[in-house]
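Construct the entire structure; sequences and hints are all you get.
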Amino acid sequence: MATTVDVNGRPVNVNSPPETPLLWVLRDELGLTGTKYGCGVAQCGACTVLVDGNAMRSCQLPVSAIGAAKITTIEGLGGAHPLQEAWVKLDVPQCGYCQSGQIMSAVALLNATPKPDDAAISAAMDGNICRCGAYQRIRAAIKEAAAAPAQAAPAAPAATPATPSV
Amino acid sequence: MNKPLKTITAAASRREVLVVGATLAGSSLLVGCSLPEVLSAGSKVEPGAFGPFLKFAKDGTVTVVSKHIEFGQGNHAGLAAIAAEELDADWTTVKVEQAPANAKLYGNRLMGGTQGTGGSSAVSNSWMQLRTAGAAARAMFVSAAAAKWGVPAGEITVLNGVLSHASGKQAGFGELIDEAAKVAPPAEPKLKDPKTFTLIGQDRVRRKDSQAKSNGTAKYTQDVQLPDMLIAMVAHPPKFGATVKSFDATEAKKVPGVTDVFKIPSGVAVVANSTYAAKLGRDALKVEWDDAKAEKRGSAQILAEFKDYASGKKAAPEKVKWGGFDSKGPAAQAAAGANALEVAYDFPYLAHATMEPMNCVAMVGKGPPKLIFGSQTPTLDQMNTARVALALPGSVEIETLFAGGSFGRRSNFQSDYVVECVQIAKKVGKGRPVKLVWTREDDQRAGYFRPLTHHAVRVTTDKDGFPATWRHRIVTQSILKGAPPGAPGGKGVDFTAVEGVMGSPYLKATPVVDAQLLTPDVGVPVLWWRSVGATHTAYVMEHTIDQLAKRAAKDPVEYRRALYTKAGANRHLAVLNLAAEKAGWSTPAPAGWTRGVAVHESFGSVVAQVAEVKVENGVPKVGRVVTAIDCGTAISPNQIAAQMEGGTCYGLSAALFGNVTLTGGVVDQANFDTYRVLRNSEAPTVETYIVPSTNKPSGVGEPGTPVIGPAVANALLAITGQPTLSQPFVKA
Ligand code: FES
Ligand code: FES
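Residue numbers (the working numbering), protein chains in the order written: chain A, 1 to 166; chain B, 1001 to 1732.
For the record, the hints were derived by calculation from the structure and aren't laboratory data.
There's no promise every hint is true.
Stated by the list, open to error - The calculated SDA-like cross-link candidates involving lysine to any residue, where the alpha carbons are at most 25 Å apart (straight line), are:
| no. | chain 1 | residue 1 | chain 2 | residue 2 |
| --- | --- | --- | --- | --- |
| 1 | B | Lys1286 | A | Val41 |
| 2 | B | Lys1307 | B | Met1502 |
| 3 | B | Lys1254 | A | Glu19 |
| 4 | B | Lys1254 | A | Pro62 |
| 5 | B | Lys1254 | A | Gln60 |
| 6 | B | Lys1254 | A | Pro17 |
| 7 | A | Lys89 | B | Ser1681 |
| 8 | B | Lys1279 | A | Gln43 |
| 9 | A | Lys89 | B | Glu1097 |
| 10 | B | Lys1219 | A | Gly9 |
Please read all numbers here as calculations on a predicted model, not as lab measurements.
Pasting the structure below:
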């Protein structure tokens, strides 16, 4: 039974069974493998995507629950998002496996709070585990991106998120 | 992986690496190996390849081939910089490529020629190899330009990949490939004087993969998608050593997408055409296990037995003997001296908990077996695959991808998850690709843990409060026990269990030492875990030293200085002094914070840390951590700092929270909700200072891990007056 989901600004047909977690639809069916599996139980954040601008754990989100919501994955950020640029500038990634999820959580944070303080960063980022321990640079890169010029941190309201198409 | 396979081969002659025939094949040239060697090893000679390690393209880009896997350590940047320095290449266009499995070309000179990454040896074992390869290729380009331009080679300079002559003649590497390929490689290429390095040691030596790892394109095993590929999951027995008695696949086979269910040696495999179907299929599977040969003890019972062995309450088990190391003087004196500090320490099993759970892609049954995954030790993986697939080890092809962490997990003597994947691919047959996917729960419960370990220490002191006698007992499982016959380290005292106590400057400074190790058999598989023996030995030595300093009413930094001076441990002294100075040890800590210090040598590097700690709601909070490291020549200061930051988090995570327990032989933790790990707001701010050195580079990936635990414990000792004698500090 095919449904249509809006992923990175494009409607795509999905044939996976409706209860399939969005994570596996993205990875196995749509070939968007930037979104990672880390725990499957909403504990690690590796699978984080934006759903209408909000950070969600795609491993716990049945594809049938998405409806008309707009999904943005790491691929949908386009590569030149201020957070991605800060990530590269500060050499944040180590093994890199957690970093798609880290960046998507950070995008949601800056969308909601363009100039986050440490407490806001902790609240937004504590759900994203990094076993390599790149935490210090993740924090620094978020601050770096938040300090970038205005257009750098799109402060779109949650209902109309910045979802550049690929 | 540590030194286990070390013996070798510093002697691997220059010739082997270097030169040898300049062999022309098309427009390519080999520096570093003879053509027959390369061909016999099964490698293709690609146009533009100058030996196993360097490739030049017409557009001027230089590609450095890394024989080491990149799973976070940043070694790809370091290795490329070493070659680029000698080449005078344009660093901004240098690329890194992962080498295929080929021990002949890509063996680790610190692992007996086994191709593998471990023991924080990637840079150190490649140092002369890549310098030589870079210098040889540079000389060949210079000769080619000299001949072409009709000028003396000595008048040609190379800068950022461009050769030039005062006459105004200029050419990039890319324009001279054909001519350079015809030049005979120099027998003894001249290496740079390290004083003239322009790249090594600079901040601009940065990772080459940050972009790919920030836009989702970096490829991991989990991401492999091939035509016709099947996904496999395996139901493993809950207890180590149990086997399948019977299984009922009726429900599993009803799951749409499940294509097959069958028994393999390690459990029951469910094969499907999608990950989610494989997972549902496995959930629906009913398996009855045969526990006859399983390990049924719980971790508390195992620890109790270890304690009884250490205290002498219980004799060593049959066929297992205590083994001595670093001992000197009359043992009876160490056992009997009065007024001793007697302390014992307990360390739990730890899971590596890599962010990417173990996985592998295998194709078996059509041509040579092929594997695609994050292979940490390709030579072992080839051998273990060959045994199952009935092929020659050298014929097993391995394409190594990025791995989402390893910390030692992806290198083991049994290649556990690799063999499991090969078993399934063999059954599927016809060369059809099979991706084995472990869930977090599979990974967490599969064992190969840092061994549960107990130390008992008894120290008497002289009139100045310094150690006079030191009695040390360690009871743990042997990691090297699983080593194939003939591998070094398999006999005698397993040094991976004692390194860090063995060789400690504190023992050097102590007149009487009686140190012994016992490694009883337990049916829980164990493995190296980032920094290996140092995960517990650094803690025991460093925390014991602070307790001794406290008894002697001496400052912990002063106390260490005296012992290092006595032991001639100059590098320890240097990092200690640097860390103490940068941390402001002689001035009061910021209000509310208390400092703790620790120092440890591992993998050829010495690290000192001063941690600022406070206790919040009963949980230690670590703020600023000042780190000083002596790692020989620093290739990439930025990535050394990254490894100190990450290594500190990894070690702190274990000290605070890391705990794998077993009840009745079954692992209690399944996922991150029960196996707690460090999170962002719990991470300290790590400052890194590097001791200037012209020694050859030593380890960086692991030495940052074992020091933070004791530094925090020592701060807690200063806060509460009490030692912390077991990990984790925070009980669930
Ligand atoms: S995979 Fe979804 S939170 Fe871990
Ligand atoms: S970079 Fe490896 S888990 Fe975060």
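Status of the hints after comparison with the structure:
1. B:Lys1286 to A:Val41: holds (23 Å)
2. B:Lys1307 to B:Met1502: holds (20 Å)
3. B:Lys1254 to A:Glu19: Between Lys1254 of chain B and Glu19 of chain A the Cα gap is close to 16 Å, so the pair holds against 25 Å.
4. B:Lys1254 to A:Pro62: holds (21 Å)
5. B:Lys1254 to A:Gln60: holds (23 Å)
6. B:Lys1254 to A:Pro17: holds (14 Å)
7. A:Lys89 to B:Ser1681: Holds - the C-alpha atoms of Ser1681 of chain B and Lys89 of chain A are around 22 Å apart, at most 25 Å.
8. B:Lys1279 to A:Gln43: With a Cα-Cα distance of about 18 Å, the restraint between Lys1279 of chain B and Gln43 of chain A holds, given a limit of 25 Å.
9. A:Lys89 to B:Glu1097: Roughly 22 Å separates the two Cα atoms, so the pair holds.
10. B:Lys1219 to A:Gly9: holds (24 Å)
Taken one by one, the earlier hints all hold for this structure without exception.
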